Each structure stands twice: as structure tokens, then as C-alpha cells.
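Colleague: These are the residues of each chain, in order.
There are 2 protein chains.
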Amino acid sequence: MWFEVYRVHNPLFRDFLKEGFYLIHRNPYNRLRAGEHIVRGQMLCYFIVMLRTLIADLPQNVGKTVLIAGWVDVRRDHGKIIFCDIRDRTGTVQSVFLPQQGDALSIAKDLRSEWVVRLEGVVNERPEKMRVPGPLGSIELEVTAIEVLARAAELPFEKDTPVNLETLLNHLPLTLRSKRLRAVFTAQARIIQAFRDTLNKQGFTEFQSPALVGGDAEGGAAVFPVEYYYGKKAYLASSPQLYKQILVGSLERVFSTPKVFRAEKSATTRHLSEYSSLDLEMGFINDHTDVMAVVESVARAMATSVPKEVFLSLEASQPLLPSDSFPTIKLAEAHDLLFQETGVDKRAEPDLDPEDERWLCAWAARERGSDFLFVTHYPVQKRPFYVYEDESDPGFTKSFDLLFRGLEVSTGGQRIHNPFLLEEKIQARGLDPKNFSFYLQAFRYGMPPHGGAAIGLERFTARLLNIPNVKEAAIFPRDMNRIDTLLHDTNSEEF
Amino acid sequence: MWFEVYRVHNPLFRDFLKEGFYLIHRNPYNRLRAGEHIVRGQMLCYFIVMLRTLIADLPQNVGKTVLIAGWVDVRRDHGKIIFCDIRDRTGTVQSVFLPQQGDALSIAKDLRSEWVVRLEGVVNERPEKMRVPGPLGSIELEVTAIEVLARAAELPFEKDTPVNLETLLNHLPLTLRSKRLRAVFTAQARIIQAFRDTLNKQGFTEFQSPALVGGDAEGGAAVFPVEYYYGKKAYLASSPQLYKQILVGSLERVFSTPKVFRAEKSATTRHLSEYSSLDLEMGFINDHTDVMAVVESVARAMATSVPKEVFLSLEASQPLLPSDSFPTIKLAEAHDLLFQETGVDKRAEPDLDPEDERWLCAWAARERGSDFLFVTHYPVQKRPFYVYEDESDPGFTKSFDLLFRGLEVSTGGQRIHNPFLLEEKIQARGLDPKNFSFYLQAFRYGMPPHGGAAIGLERFTARLLNIPNVKEAAIFPRDMNRIDTLLHDTNSEEF
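Chains as they are written, first to last, in our numbering: chain F, 1 to 495; chain L, 1 to 495.
Careful, some of the hints might be misleading.
[Claimed, not checked] Lysine-lysine pairs mimicking DSBU-like chemistry, simulated, CA-CA at most 30 Å apart:
#1 F:Lys179 with L:Lys201
#2 F:Lys232 with L:Lys233
#3 F:Lys434 with L:Lys471
#4 L:Lys265 with L:Lys232
#5 F:Lys471 with L:Lys434
#6 F:Lys201 with L:Lys64
#7 L:Lys232 with F:Lys233
#8 F:Lys201 with L:Lys201
#9 L:Lys109 with L:Lys80
#10 L:Lys471 with F:Lys232
#11 L:Lys265 with F:Lys201
Since the hints were made in silico from the structure, they are not lab data.
Quick caveat, the model's predicted, so the values are computed rather than measured.
Chain F on its own, in the form it takes in the complex (with noise of 0.2 Å):
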């Protein structure tokens, strides 16, 4: 009702119609022509003609008339006056209600956080003494006209207000609205780009690496079984590792990034059931340092995709990136050098515990001043069976982690590209090579020397932002006791 008689008296009517003629050139769907905005009913014309501005564009329409959408993010009720502050996907920007815009002020007034609105105001720039930091601290938009699309329930807390992990993931629908996900989310989704664009640049191919495996590709990781078609099982890959080997065959360098699947029985604050691996793989190298060379491209400009607004807002630092290329140490040097510096002697041991890790990583941050840090040349049986052993260390792999402050982050190394080696790997492991016919073809029609690495993208976002459990940066983790709600008080079929 409001809309037709805003329509008539607006002054800016002309400029509308303008306005209305690139969106109906935009979205043709509509069918409606220029000339039909003075006959059609007032109240749909309103919609077609005017635009929506998003929330960040308005410091650039100082003076002018727009409509914005959004939710109502806090009201602040200062005697006559109402104010609101309203977030689009854009930013979010105080509005003010005044009295003499009575309509508008009285449906103000029931105003909740949350409630989803549509408000038609005139951007003004703030009094000097009010203004606040930021690039919508400045300006304010002075309400004329609101239409509620959307009401909301009372919420059970403030969609800011830091909670327990549990009572986060319980209101997830709310909570990744809070400033603080939709900061890590929007991080993750560039953090992944990057990761894709800089392997296009770089020659690779990516491909959609199957979810539904025969059986367990690297043969000892903990997989779930799913009851395929006429009482056969399948199972969830727990890795695109086979496939993307398969694909240097054929297309030389490609990538993936499928959801893999763990059925360990973990509950750390590094485990989820499903997760995101970012897998590349590449023929024709010489060793792994081909492969260590693209995983730090890769890593770099994953860690270098997120804004530095971003950082700050999540009381994160920026990686320390050296200069020169990511520090490397052997497992052997770093087990020698634990000892040298803090007396610890893990030298017997064939693997990194989680507090070498650390203090590893900072060693590396100090010493070298990089956040990343590869160990190279594990033990063989530490390693899957395809992993390539180095002629010139025997015993040990030509293979890599990448820590990242603290937590290995990524794996990689060269592969065995003989097939009758890697049908003897096969069987030395208690395997049988017959379960790996498939993959073997690929060997057998001629495999060039190749390497590969995958990231792991939740623990990379978590290590990048600062976030203590990986749960926090899967955007719907799921782990041993949850899928959406808890698996113990609610029936399993529930959604």
C-alpha cells in the first residue's frame, strides 16, 4: 500500500524509470516492457523499477534515494529516534528512524534482531563526532519507508555473543550468520580458489574424483561402508589418491578437491568424519622437490587469498612467508635437532608426535621466520605402499609433510611409477594386488615418473585464522557423535 503512494510523490520518479529499464534489460524473465510501468499496478511497478543497492555501495550514493535489503543486526531505541543497524552480504549500515516519518517509525518499533527488511531511505553523511571507524562509518541512512519480509522467533542468544562449541554447532543456522563464520567461510571459500587457480596456471586439469569406492584405496585407513545396489557394499573414498595416479595417464597434471571420508574412532580437535582434500598430482618430475616446489605455490597463495581485514577481525596474524622458499629438514635432522636444542631423543622413532610438531614450527617461525615448514624423507613402512624410496637414503621415502604452525597441514611425495614394483609394494603390505586390477592398468600402459600431494582445506583454514578445533572451520562438520544434531538423543533418521 505503502508503494503507491511513495511512487507518486517520489521526485526521483524519472530517475526509477531509468533504473527500471536496466533491470528489465537484466532479467527479460519478467516480461514487462518499459512502457507498461505507468499501467501495471503501482505496487509491482515499485518492485521492477527500483533497485536494490547493496549495503557497500552506499558511501558512493551520498544524497541519494535507494532501497536496500537485509536483516536487522541490533535496534537502539534513543528516545524518539530508532536506530538499526542492517547487514546485507555487503556489510552492514545504521539506520536511522526519525519522527517524522511516522509510518515508518511505528513498525520500527517492533523491530527484533534478525527480522528480514526491506527499508527505502536517503544516504547522509554523519555528523563528524559520530562517525566511526570503517569504510560504512561515515555515512547513515535516514529511513523513509520499510517493508518486513521476514519475521524471527526471539533468539536464544546473541547471534554475536561467543558460545561453547556444542551450543555453537546445535544453532548452526543461526551461529554462521555470527560476524565471526561468515569471516572464516567467506576466508574458505578464496582459500580453495586459489588453490584452483593456481594449478590451472600451472598446466593441471581438474576432474571429479569419485566418492564411492570399491574398497580402501591406501589399504588401512578406517572406511565407511555403504549398502550399495543387490546387498553389495561399496565404501566412501578415503582418498582421490588412485584415480588422480590414473589421470597422469592421461592428462599429465590435474587436480581435485572431493569430500574424503575417516571412520576412525577420533575425537581430537583434528578429526571429522568427512573433510575437504585439496589433491594434486603431476607426471614428469624429477623427485619430490617438483612436487614440494608446487605445493608451496599453492600454499602461498592460499595464505596470501585472505584480506588482511580478515585477520585482524579474527584476532588472527598473518603468515610469516620467508623470502626465500619454504624451510625443509629431513625426519632424521629434526629428530637430531629436537634433541640438540631441548635434550628430548625421539631419534628412534619414525614419525613426528603432535608436540615436535609444534615446537618444530616454531623453531622454523624463529629461525627462519616462516609459518611453514616441510619434513621430508619418512621411513617407508610409515608411508603408504606407493611411495617412492630414495636410492640415495635407503629406508627412507622421497616424500613430505608440510607443517603450518604447528599441525602437518599436507602430504606429498613422489610415487612408484614401475608396475612390477608396485605390485610387490602391494603384497608386502598383505594386499592383494587382484583388489588393485583397476588401478594397475594405468601402470601397466605406461606411467611416467609423477608425485603428488593433497591439503587438507578445513585444517588449513583453521591453522591460517587462528581456529583451535577443526570442527569450527567445516561449515557442517561432521564427526563421530553429529551430523547436523547429536546422533545419541535424536533417532538417526533425523535431519
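Keeping the supplied structure of chain F fixed, place chain L upon it in accordance with the hints.
Modeller: Okay, now just chain L, sitting in the frame of chain F:
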């Protein structure tokens, strides 16, 4: 051994050193410095110093000595001379082994298809009358040295021979090397990236939608059960629908490209057990036509992301794209048209049969110059519970299918955003709102009018590239009878 000899005598030695500098700079993990070249073993030096040239770059290197690496595509013996077509990820080049290069020629005599080799030689222009079409048709490599990196077993059939689908799928590690499949899956990588790029430019944020869900989101699709922890059942997601709607409340415009899973007992040319769903969802729409405008922009970008030569090589025609928007027709109008033009009366039916979709697409191509056609306003009962009923056309929905060359490749529309109405609709379908408690939170806390769509990547690829069976447009297709290998004549643990 041979490399040592080469190093000492090659007059381009100094040039290689320069290139070596570059490589060392690019990959510092080798820890070689320029000065070490002379001191180290010649064999090792060779690999460091000599950079691989990609075959596509050979025309810019006429007269130069280069190193290439790849697969033997075909060998042809011509008296005392041997010709080999060598293939890498960028192209295929003819290589000539001449009698004066005795060592290389004698190795060349053993070469078979798919052997992996590294070749050194001089790039020559071919004599005028020996040229063939294509960018690499005017040059050849006069081989001066060869190294075999991997041999290949005898092929069961020539790689580029057309074979039936069963044979093709049984030998994917080999058939994925064919010109045809490499063209298809390189194109598919471009198609999915076009989807992402188009949406990123329009303010959408990517998210990683979960594969493991607690129940069947849409209520009705056949889903695969997963044995989760402690005897609990989980399911494989048949769609990211509910998650993308939840995220409209947080990020307003989102997309995701997850694998989704369908357990229907269907063996048609259109069915896969898992496929890539290109999903988008957006808030603050006026109606479904806003979604259609975005879907059109995405479909155009996807259709034009593939270079002309790929269509030629696959004997596919480039898609017909109207200069105006895609033609749009209501389902009822479509049935009327069908009756009028063909006499077939399906006006009482709530949906289109496959042959109707083909007829309508032929009509749209003929009459409107478009390989794409939107069909809107399917009846309420044929759509999921969350679909938005058209106030001005009761019983019909603000929803659409996008048909492309005779096949539905996308479905979308406006969704219900009122939580009370949504709960009502869930109940009306015989579903329990309690099972949707997590999802319904998003609506309770303020949800704007919104809508979205999903495009099947494999279907789209198949229609675009003239591939009759969607299984050939999925890189490792899964169906009722196959996960890599056939399920009925192998044990279920087989990879």
C-alpha cells in the same frame, strides 16, 4: 650414460646453464646452486640443467635443441627412418629418428604405443609438401637422443579405436588417454570453472556441502544408507538443497558443486549413482525469474567455455544461443503447443515425458534459435515440499526446468521462506517436521524470499558435447552394476 657424452659435446652448453639458473630458482628444494653444475655428476647435472619444453611450444623453438617428454602415440617405420608421434598434455608432434643418430634409432626400434620417453632433438620445419593441418603440423623433431622412462604392455586395442561402452569402462586407465576422452574431461574442467567464475562475479560465495546426512532431504529420492558409528545409520546426500537454503540466511548468495547420490534402480543413459551437482541459491529475489536470469548467465558461460576446436574434434555442434533471453514457456502452454502442432494430447499430464522434452527443444531451436528452453509452472504436487506456489496461478509453482538439446539439465525456482507455511507443507507430504528441526531453525530466525537451482554437470557436459550416454561424461562413472570394475563378476572388495 649417454647424457654425460651429450653434455661434454653440446655447443649449447652455455645456454643450458642459463636455463639451469632459472630452474634452480623455480625449484629451490633441489638445493643445487649454479656453481655446482660442473662439480656434480654429469648425469644429475643434465636433468637439472635441461628444461622440458612442452610440445605446444615447439613451433616457437624452430632451429633449437629441446627436451620433450611424453607418450609414444604411434610408431611408423619407413625403411631406415623411424617416425614416432609423441604426445604430451599440450599436443602431439612427429619425431624423426635418422640413421646418423644410431643410438637413438636402435632404441626407437623397440618403441611401442604408450611407452613413456624423454627425447632430445632439434625442432625443424617440415618440407612444404609434408605439412599437415594444425599448429604442430608444420614442424617435426629430429631426435638426437632418447631415454625410455617407462615401457608399456601390449595394448588390448588401439587407444583411439572406438569401442563399446563396456570395453571403454573396463579399460578406463587406457581409454581415458584417447583423444576423445581427454577432450571431454578437459572441457568438463572448463565448464565447472565457468559455473564458479560466473557466480563469484555476481557476489556468490562457495561452500563445501556435506555428503553425509542424517536423512533424506527432499523426502522421496532413493538414498544410500551408510554404516556410521556405533550402529547408527547415516545417508548419502541426494542434494545440498537444505544446506544451501540455510546459508542464504548467512551469506545470502551461495553455491556448491558437491557429489550427490541417487540410489534409484535405474539403468538409463541418464542415470548415475553419483554425480556432480552445480547448486546455487540466492536471497532477496522477487520471484523465480530472478533465479532464471542467473541460471541463464551461468548456462551461457558454461556453454561458451569450450573452445570451437573441441566441438569439431568431438563432432558436436556449438550450441545455439539466442541473442535475446532463453525462450520460456509454461508447462500448460507447452502441452497446448504439443497438441496443436502434433495432435498428441498430454494436457492432463503433470509433467513432460522425455519425448516431449525432445520435441519442445527441437521446436525452440527451430523457432527461437535456442538450444536452451525454460519450462515453468509445474504443478505443486510434482515438486518438493519447499516449492513456492504462484499466487496468480494457484496449483502451479514458481519453478522451472531448463531443457538443453532435449534433456532437462537444471531444475530450480523460488522456495517457501515462511517457517509456518513450510512446516505445514512438510506435514502435508507425510513427513515429520521434527526431522527437519535443524533446517527449520534457519527459517525461524528470519529468512528472506529466496530461490535457487541445480545443474547436473555430467548431463550438461553430455548435451553440450554430443555424448549419447551420461556415463561417458562422468570420469569414473558409478551405476547399479559398476564401481570401476563390474560388481557382479568381481568380489565387492575389489578396487
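Colleague: Each hint: holds or not?
Modeller: Status of the hints after comparison with the structure:
no., hint, result
1, F:Lys179 with L:Lys201, "22 Å, holds"
2, F:Lys232 with L:Lys233, "17 Å, holds"
3, F:Lys434 with L:Lys471, "25 Å, holds"
4, L:Lys265 with L:Lys232, "24 Å, holds"
5, F:Lys471 with L:Lys434, "25 Å, holds"
6, F:Lys201 with L:Lys64, "26 Å, holds"
7, L:Lys232 with F:Lys233, "17 Å, holds"
8, F:Lys201 with L:Lys201, "19 Å, holds"
9, L:Lys109 with L:Lys80, "10 Å, holds"
10, L:Lys471 with F:Lys232, "21 Å, holds"
11, L:Lys265 with F:Lys201, "41 Å, violated"
Against the hints set out earlier in the document, a violation occurs for number 11 only.
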